[in-house]
Amino acid sequence: MSGAVTSTLGAAKGRYQSNPATREAPWVRRTLLALGLGFFVLFLILPLVAVFTEALRKGWDTYLAALIEPDAVSAIQLTLLAALVSVPLNLVFGVSAAWAIAKHDFRGKQLLITFIDLPFSVSPVVAGLIYVLLFGAQGWFGPWLQAHDIKIVFAVPGIVLATVFVTFPFVARELIPLMQAQGRDEEEAATVLGASGWQTFWHVTLPNVKWGLLYGVILCNARAMGEFGAVSVVSGHIRGQTNTLPLHVEILYNEYQFAAAFAVASLLALLALVTLVLKQFIEWRASLASKEVQ
Amino acid sequence: MSSSAVLQPGTAAAATLPRRKPRRVLPGFGPTLGFTLFYLSLLVLLPLTAVFLKAAGHGFEAFWAAATAPRVLASYKLSFGAALLAAAINVVFGLILAWSLVRYEFPGKKLVDALIDLPFALPTAVAGIALTALYAGNGWLGKLLEPWGLKVAFTPLGILVALIFIGLPFVVRTVQPVLEDMETELEEAAASLGAHRWQTFRLVVLPIVLPALLTGFALAFARAVGEYGSVIFIAGNIPMVSEITPLMIISKLEQYDYVGATAIATVMLLFSFVLLLAINGLQAWSARRNGLEGRK
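First to last, the sequence lines map onto chains W and L.
The first sequence begins at 0 in numbering that gives the first Met the number 0 and counts up by one.
The second sequence begins at 0 in numbering that gives the first Met the number 0 and counts up by one.
Note that these hints are calculated values from the structure, not bench results.
On a predicted model such as this, the values are computed, not experimentally measured, just so you know.
Everything hinted at is true.
Mimicking DMTMM-like on lysine to aspartate or glutamate, the simulated pairs with C-alpha atoms at most 20 Å apart in a straight line are:
1) W:K209 x W:E185
2) W:K290 x W:E185
3) L:K108 x L:E179
4) L:K108 x W:E23
5) L:K109 x L:D180
6) W:K209 x W:D184
7) W:K57 x W:E68
8) L:K109 x L:E179
9) W:K209 x W:E282
10) L:K108 x L:D180
11) W:K290 x L:E179
12) W:K209 x W:E291
13) L:K108 x W:E282
14) L:K109 x W:E282
15) W:K57 x W:E254
16) W:K150 x L:E253
17) W:K290 x L:D180
Listing some non-contacts, in silico: residues in chain L with all C-beta distances to chain W over 12 Å:
18) E60
19) W63
20) T67
21) A73
22) E145
23) P146
24) G148
25) K150
26) P155
27) I237
28) W284
29) R288
Virtual Cβ for every residue (Gly too), placed ideally from N, Cα, C.
Required output: the full structure, derived from the provided sequences and hints.
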């Protein structure tokens, strides 16, 4: 995922194939292309097509009915809620961490970056488990929470917590390398000229990193809405109450309501496609912006 | 990188001169670092510590018995084996795809490049049911494979397919920028010295992309070991045959066996930490190799 904002696809059109030193024999080129694209179609295109075909297998009526039934609607609402809480939280965290790490020097910086990356290398199931161990009935805070009639695990707060955990690094890890690469000269100039910290950030740093920031946000959002494993552990699977969209897909699928399961899944697949389109748009704008600077 | 000076304390100058506090020109260091540490500790570090404390709290005997039960051992073998194999397959095809995207022109190239990231964006449960529908006995691909006696869905082979899917972008996206930045002069020099194309690839190109390839491999591997959503639908979840380790944690939790769940989670966490360190090392090596540190 790293560095995807600066793609130079197509910039070197035909450069390699007109140069005898970097050109392969036609049969090598064709074989490699066939292998690569065959793999691509088999593993990426076919599953995507399958989602939509299976969703519409029983016609549009069944499709729409699956999306507007009350359990589906409440799953959509909960998914939106989880994303609405976790994305802004992790956005604030990401900006704050990037400012501290990229614009200042301190000991243990590398360790801090490694810790921020931690949630990416923890299995989603373990991510859910840690909150059960803390807030579940058997957990550390379980008895206290029970005494005060607060439910976290197997309730909405647990789902939000698990979502925040799995989407934790997205914004930070997009911003940190970007802000490090841009150095701190511009910010220092602004500060010397009398700008406050907030003004410096708002007028100098933010315009420089806005596309990277947006990129982190859409990735964070996609993961927040699509998370399955971590949310599954803390959800308790109560229909109409603690079911997010991915969990709703699972329930329908396990009840052999395949058309309905794929209908709900197609919503999530659309979300993924929109995310990819936005990502392309951001890359395009970012490359325009970097050309203007040059 | 400017941080390297800070990471190497105890140089000769620092030993003789009184250590000067670094002068900070930019404001906001205290609050932002404070908030970062607070948020990180509250949401990530403390909860993760809870797992280790919980595991330690039940004594080593209970921990060991739960972490090495036969069914759990079988799940480690499957999870790690399938993840390794999937990552290895992704290295080969990821390199081919990255190479095709950088070096060749073909219709729909932009679309292919955009869709490579699909496994990052598509929720894992959706991928899971889609792959199951494809590879089940009556699915498009299942129908083709079944006459050959090849069952994919509800076998360990299905797990491999799901893990290939979710790991696919890692290798492509780590190798692609390195290939794009590679100077053609190196290959020209090799060609002018009489190297065949294959020799040039093996002796010039491959060493340059090797760190990125290994990083991609490690990232795909780390992701695949912990993967849950896309696997459980296609795995069939047969004890001793197609149960992955994250599923073992879930099934222990469903039986209210918190000791067992915690023990297995501890093993997975320790493994994640080791892999995370390895990936960091690989990325640093990769950056040094390609001189990315000094790049603007």
